[in-house]
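Engineer: Kindly produce the complete structure, drawing on both the sequences and the hints.
Order-wise, the sequence lines are chains A and B. Mapped onto the working numbering, the consecutive letters of the first sequence carry residue numbers 1 to 183. Mapped onto the working numbering, the consecutive letters of the second sequence carry residue numbers 1001 to 1191.
Please keep in mind that the hints were generated in silico from the structure rather than gathered at the bench. Among the hints, erroneous ones may be present.
To be verified - Covered by chain B, according to a simulated footprint, are these stretches of chain A (three or more residues, beta-carbon under 8 Å):
#1 3-13
#2 35-49
#3 58-69
#4 162-174
Given the structure is predicted, the values throughout are model-derived calculations rather than measurements. Note that the Cβ used here is the ideal one computed from N, Cα and C, for glycine as well.
Residue-level listing of the chains:
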Amino acid sequence: MVTAPDAELVRRVLAGEVEAFAALVERYRPRCARFAVHMLGDAADAEEVVQEAFLRAYRALPRCRQPDRFGAWLLRILANRCRTARASRSRRERLVLLDDGVVGMAAVAHPEDRSAWREAIAVALARLAPEQREAFLLKHVEELDYGEMAEITGAGVSALKMRVKRACERLRELLQESDVRGS
Amino acid sequence: MSEDRDELIGRVALVLRGAPALSPDLDARIMARVRRESVPGTWRAAWTAVRRPRELHVSPLAALAVAAGIAGLVLAAAVLSPARRGVPAASLARALAPDSLTPVQFVLVMPSAESVALVGDFNDWNVGAQLLQQASAEGVWSVTVPLAPGRYRYTFVVNGNRWIADPAAPTTVEDDFGRPNSIITVAGRGT
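Structural biologist: Laid out in structure tokens, this is it:
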């Protein structure tokens, strides 16, 4: 595992050492993949946007003004790619998200099974408004502070706090309905 | 009750922090695509970027872009007058350049702004990539960006967190989160 700081890796890439970018991919791909999968709800779409985000970051690397914060910069590019991907496949998604009964159905199929809990979470997450899902993932899964979230999303801190609050309320509502706790 | 609720969200987050099942060769595929690129920041990379195929609208949108530029110049002149001081407005103006990149001037009039950034398809929506400079005490902010022919979405980010579509742009669309984006079409030479 490469331990060099982001800024050094960025400098090496810009100096012509393309393979230094592999260390950045290894470092940030897990977070990017996780965020994209949960934002899009589809592994194939997530892989595509993650690849696209890294490629765009590579091309735009000279414009990365804070190379020590490469991760946040990359996540901003990825968040935008996710929005674009969602817009282009919104019709397909509407067919997948059926109705309010879906969460309950996913939950009661195998109430003792942890996979039912995971499925219930995935379905509940998919039913959040996109901006609420984005805010929830950045806050509670990626554990960013609101300042970082504002930088990534372009939204104000107060708006983000409201989105997180509403996302949590909605998730509690959807999951408590299902009575599946995954314990 | 509150603790139960927090515990529920905590357990949801814990599940979501697990690694998703994606292709094990994803890193390798990313690097394979990266290796096909030129080293970023080199002249060759810049030339490759300019030559990269883009959606190009020749007519009538090309004419519309020119019209938008002219309208933007007129509007910028209008809002610079003392009578219009303090009214949020923006303009974009473009001038044909002898090479493939067209310098496009983006202007926003907003006396109350402390900072204005330009984000769009051309800079991967990077808030730090193109900062507008305050050109006058009247709150006129501008930046000029060389753009290759193509159609771009863009918007202004005021004070780091307020997204504002260009009031002078003829076309505004909302992104997936309902935030306003403007559209500019940069025509190629001879169009």
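Engineer: Please go over all the hints and tell whether each is borne out by the structure.
Structural biologist: Going down the list of hints, with the structure as the test:
1. 3-13: Coverage by chain B is violated for the region 3-13 of chain A (1 residues, Cβ < 8 Å).
2. 35-49: The restraint on the region 35-49 of chain A holds, since 5 of its residues have a Cβ under 8 Å from chain B and three suffice.
3. 58-69: Our answer is that it holds, as 9 residues pass the Cβ test (under 8 Å) against chain B, meeting three.
4. 162-174: As far as the region 162-174 of chain A goes, the hint holds, because 3 residues have Cβ atoms under 8 Å from chain B.
Hint compliance for this structure: hint 1 is the single one not met.
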